[in-house]
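Chains as they are written, first to last, in this note's numbering: chain U, 1 to 587; chain S, 1 to 289.
Accuracy of the hints is not assured; some may be wrong.
[Said to hold, decoys possible] Heads up, simulated EDC-like pairs for lysine to aspartate or glutamate below, C-alpha to C-alpha not over 20 Å straight-line:
(1) S:Lys164 with S:Glu174
(2) S:Lys114 with U:Asp224
(3) S:Lys126 with S:Glu139
(4) S:Lys284 with U:Asp224
(5) S:Lys114 with U:Asp268
(6) S:Lys167 with S:Glu283
No wet-lab data here; the hints were simulated from the structure.
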Amino acid sequence: MIDKLGWTLLATGAAAMPLITSNTYYLYVAISVGLLTIVTAGLNVLVGFTGQTSLGHAGLYAFGAYTAALCVTRAGMGEWAAIAAAIAVTSVVGAAVAAAALRVSGPYLAMVTIAFGLIVEGVLIEWGSVTGGPGGIFNIPKPALRTHYWTVMLAVALALWLTANLRRSAWGRAFLAVKSSDVAAESLGLSSYYVRIAAFTVSAAFTGAAGALFTFLNGYISPDSFTLQTSILFLLALLFGGLGRVAGPVAGSLALTIMPELLTSLLDYRLILYGTLLLVSIYWLPEGVIGKVSKARRPGSRTPSPDPLPLPGRGSKTSSPRRAKGRGEGQPHGPLLTAEGVSLSFGGVLALADADVAVDGGSIHAVIGPNGAGKTTLVNVLSGYYAPDSGRLALRGRRIDGLPPYAIARLGVARTFQTAQVFGGLSAKENVAVGVAGPRLGSVLGALAGTPGARAREAAIRARAQALLEALGLGDAAEEPAESLAAGLRRKLEIARALATDPLLLMLDEPAAGLSPAEITALDEQLTALRDEGGPAVILVEHHMDLVMAVSDRITVLDYGRVIADGAPEAVRGDPAVIEAYLGSAS
Amino acid sequence: MYVQLVVTGLALGSMYGLVALGYHITWATSRTMNFSQGYAVMAGAVVAYAVFVALGWPFPLALAITLAALACYGALVERIAVRPFFLRASPAWLLATIAVGIIAENVAQLTFGKDARAFPSPLMQKPIIVGSAGFYPQELLVPVVGLTLMGLVQLFYHRTSYGKQLKAVAWNPEAAGLMGINIPRAVMTSYALSAILAGVAGVLLAPLLNVAPQMGTIIGLKAFAVAIIGGLTSAPGIVIAGLGYGLVEAFTAGYISTRAREIVGFALVILVLIVRPWGLLGEKPSRRV
Chain U
1 MIDKLGWTLL ATGAAAMPLI TSNTYYLYVA ISVGLLTIVT AGLNVLVGFT GQTSLGHAGL
61 YAFGAYTAAL CVTRAGMGEW AAIAAAIAVT SVVGAAVAAA ALRVSGPYLA MVTIAFGLIV
121 EGVLIEWGSV TGGPGGIFNI PKPALRTHYW TVMLAVALAL WLTANLRRSA WGRAFLAVKS
181 SDVAAESLGL SSYYVRIAAF TVSAAFTGAA GALFTFLNGY ISPDSFTLQT SILFLLALLF
241 GGLGRVAGPV AGSLALTIMP ELLTSLLDYR LILYGTLLLV SIYWLPEGVI GKVSKARRPG
301 SRTPSPDPLP LPGRGSKTSS PRRAKGRGEG QPHGPLLTAE GVSLSFGGVL ALADADVAVD
361 GGSIHAVIGP NGAGKTTLVN VLSGYYAPDS GRLALRGRRI DGLPPYAIAR LGVARTFQTA
421 QVFGGLSAKE NVAVGVAGPR LGSVLGALAG TPGARAREAA IRARAQALLE ALGLGDAAEE
481 PAESLAAGLR RKLEIARALA TDPLLLMLDE PAAGLSPAEI TALDEQLTAL RDEGGPAVIL
541 VEHHMDLVMA VSDRITVLDY GRVIADGAPE AVRGDPAVIE AYLGSAS
Chain S
1 MYVQLVVTGL ALGSMYGLVA LGYHITWATS RTMNFSQGYA VMAGAVVAYA VFVALGWPFP
61 LALAITLAAL ACYGALVERI AVRPFFLRAS PAWLLATIAV GIIAENVAQL TFGKDARAFP
121 SPLMQKPIIV GSAGFYPQEL LVPVVGLTLM GLVQLFYHRT SYGKQLKAVA WNPEAAGLMG
181 INIPRAVMTS YALSAILAGV AGVLLAPLLN VAPQMGTIIG LKAFAVAIIG GLTSAPGIVI
241 AGLGYGLVEA FTAGYISTRA REIVGFALVI LVLIVRPWGL LGEKPSRRV
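Excised from the complex, chain U in its bound form (with noise of 0.2 Å):
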């Protein structure tokens, strides 16, 4: 409510504005207000949504202004012509760069965006035939200022709506999924690498854009106004007016453009302000102005979504989180996975030894053993986490060993993590949507729109998931944020979202940690009962005899990293080997 009435006194602002004043210099100051928006609502998308940063977006910025100059000035294209083409140009660069770019993280990802931004101003000073060198380029016919400030208020109007449409996307899902845990997003079938290139490509565009507006503010662009500094700059913007939020940009922007024209005289103090800026945003805003602002109106108050109907059918056969027709149908006969001879060392200590592990499709197949036997090691081999040193994996006779996390995954193999990694900044529901969809985002193009293709298909996922969570009993807790649930709820959570991906078989690393001893037997009976309609195969690794006992079809022992006994649960409980590893030698 307040929302809206905030976004509509701010259009009304912008659009009352020609109206009002005909002075040049406001409407001057009002474009670029706009112009830094647009940069920071796709910088939003690289690092409010998926959590990277870079310091080369100036770089992106000069590729716009650049393109559009010389598409109107040697190739004599109109203005929308050449803003076409400065986007499409941005986005390959972005692309390009992106993938070089994101193969690192931290200090290198940021080397790597202050090197191509530094590269690129380099080459528009050397390059003095196309760029014009340190003078740039002049003479570029430019609207009038009246006509560029409708163009730039409607750009930035479609740049909100397109990232406010990303955000409620499958990929807006994807890129927060993948900034909370990627480790847990690539369980998913996600591959982490790629939804981040997405990420920088989207925001590359945006800058594009942006930089190709520039151009036709001024009809003159020269090296000096993509530096480094200029990527400082907007990012002191975002996070100032408050990052992964929607309204954000808008905030940092008129703060960081109308904030020094008023204060001129102090322009020798300028980088000390913008300093003091920065540091105030990372202390005391971390969700920026807007962050502060939306806190500050509704104190405390998230209160969970009332609920009064009973929701029907939970517990019951019909509500199975499980499809009536799944990939799990019509297996052919022998065992599903298979773990031949695999063993892995860290540094000199063997976590498996020579492990020979068979699941047969559905059954429920427990891994036990005395802590540091090598059972979350196993899940994590077996997921693709980590690499055997030697061994073969096979899932329904096709080798799986060497494929990356979310190559196994979008295989059928899905798992939850012995500390359960749900995705923060996304509620319950989303957090199983992530699952649903899956590696299958659809178009970025189609979720930047918000087409009603991409809607439907939204509806659809959001229904499924919304199922997986009331077969769980979380339907109360959909719209929470994840991440304010409690352990015993984040441990379901975290298994709706792996049943969401639909699996051939699902590894629960001690699922029944810290629950209480009536979750665990309705932990019990969703596992009994999820085998019994047809689901997937089960790797149960578990401390709780008692739940280990009532539900495996099979139990595998591990001790320092070997195998030492594997068979029904009756023959396990009496092998001699077993009793020795857990209670030391009888003799």
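Given chain U, work out where chain S should sit, using these hints.
Just chain S, lined up with the frame of chain U:
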């Protein structure tokens, strides 16, 4: 020409290496770094200028005061821009250190002035002529001091007890903490040491490059490039990368153009990272699941 380029390349390269070693030192103890390390180079030159040239105090005293000031600067950066974010494993330290750096540059502009000033050195009076090449004794002093210091830092880390403690923090902060090592102090020490190295580079470079508030930016970036090329986790990698980068730069400037050296240098970083994502001798961080 060729001898001259080698001398210039090694002089600059050893300084990039020295500053880059500062990135390595803090990265090794805390997995954070001062992105504004270049401003510490500038601060070293500016403080030395103020005490040695403006006040006219003797050089050893000026040097001591400069290094003490830099140690404080490093500790301050750690305290206000890194520590609040270090424990949260938040990349905010990256931007916070940049913020401190641009404030430092502005302060230098306001106190020192925006114009570059010459820093007199007895080693810059008479060039040494070898064949057709000419270079100053200062250019020979720079790599000698640089490489010696880098060696001393290595000795400190591998031979002294406190150095070993700092290394332990890098390996496993939790275990090091349990062994009674004061981790916040270890991190602060590494920042102070890192700033001192940058300050020494500033003092050594001042006679060659002149002193100006904006001198730090590009040196800091090139040193960062060197740290990344060599591998942030590898001191030997950084030393090699520093000398290599200096030579590539000198030869590009000599045979192509001064401007091209930046383009070539930074393109080199990207190429190296495409082939070796964690630097020449750096270790790939192990994935924690």
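Now the hints, each set against the structure:
Note on Lys164 (chain S) and Glu174 (chain S): the hinted pairing holds, with a Cα-Cα distance of about 15 Å set against a maximum of 20 Å. Restraint check for Lys114 (chain S) and Asp224 (chain U): satisfied, since their Cα atoms lie roughly 18 Å apart, inside the 20 Å limit. The hinted pair formed by Lys126 (chain S) and Glu139 (chain S) meets the criterion: a straight-line CA distance of about 12 Å does not exceed 20 Å. The straight-line distance between the Cα atoms of Lys284 (chain S) and Asp224 (chain U) is roughly 37 Å, outside the 20 Å bound, and the hint therefore fails.
Between Lys114 (chain S) and Asp268 (chain U) the CA atoms are separated by roughly 10 Å; this keeps the pair inside 20 Å, and the hint holds. Between the alpha carbons of Lys167 (chain S) and Glu283 (chain S) the distance comes to roughly 15 Å, so the proposed pair stays at or under 20 Å and holds.
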